[in-house]
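Engineer: Residue numbers are given in the working numbering: position 107 of the sequence shown equals residue 107, and the series is strictly consecutive.
Among the hints, a few may not be true.
What the hints assert, rightly or not - Computed cross-link-like contacts, BS3-like style, restricted to lysine-lysine with a CA-CA straight-line distance of at most 27 Å:
1. Lys99 x Lys122
2. Lys48 x Lys68
3. Lys107 x Lys89
4. Lys23 x Lys68
5. Lys48 x Lys96
6. Lys99 x Lys89
7. Lys99 x Lys23
8. Lys23 x Lys122
9. Lys99 x Lys48
Because the hints were derived from the structure by calculation, they are not lab data.
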Amino acid sequence: MAHTLFVPPLGTRLVLVQPWDFKLYNEHRNATLMALLGDTRELDYDPKPVHATLPPGTELIVDRYYIKQGLGEFDSLSFRIAGVSATAKTSPWASKATKRQVRFWAKLEDVNTMRVELAPAKEA
Numbered sequence: 001m002a003h004t005l006f007v008p009p010l011g012t013r014l015v016l017v018q019p020w021d022f023k024l025y026n027e028h029r030n031a032t033l034m035a036l037l038g039d040t041r042e043l044d045y046d047p048k049p050v051h052a053t054l055p056p057g058t059e060l061i062v063d064r065y066y067i068k069q070g071l072g073e074f075d076s077l078s079f080r081i082a083g084v085s086a087t088a089k090t091s092p093w094a095s096k097a098t099k100r101q102v103r104f105w106a107k108l109e110d111v112n113t114m115r116v117e118l119a120p121a122k123e124a
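Using the sequences and the hints given, assemble the complete structure.
Structural biologist: Below you can see the structure in the form of structure tokens.
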């Protein structure tokens, strides 16, 4: 079966059209999403993820790709959630939590299960 390949440029806005279930890892780059979803684990890398779901209508901004030959277990994409902030400690050594735009990463195998459409273009 043939597929059309679409690799969105950085900054592309995608809207979830179905709930997106994925594995959320306890890692400082996921701290704001963990806070938004009510994940109260102490911030420290844990290789055992928890199940997370983002609802349809969530607007994600493609923020970073990390894909390297021979390191497939680290293949991931980072996203920001448009217009959403959360208060979180973004480092295990941080003395206090700060409010930041929600940013997180997910493994490529989970990203490939997303059902999305392009967000409508913003008027200039």
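Engineer: Compare the structure with each hint and give your call.
Structural biologist: How the hints compare with the structure:
no. : hint           : in the structure
1   : Lys99 x Lys122 : holds (25 Å)
2   : Lys48 x Lys68  : holds (22 Å)
3   : Lys107 x Lys89 : holds (22 Å)
4   : Lys23 x Lys68  : holds (20 Å)
5   : Lys48 x Lys96  : holds (25 Å)
6   : Lys99 x Lys89  : holds (9 Å)
7   : Lys99 x Lys23  : holds (23 Å)
8   : Lys23 x Lys122 : violated (31 Å)
9   : Lys99 x Lys48  : holds (26 Å)
In terms of the numbered hints stated before, the structure departs from hint 8 and from no other.
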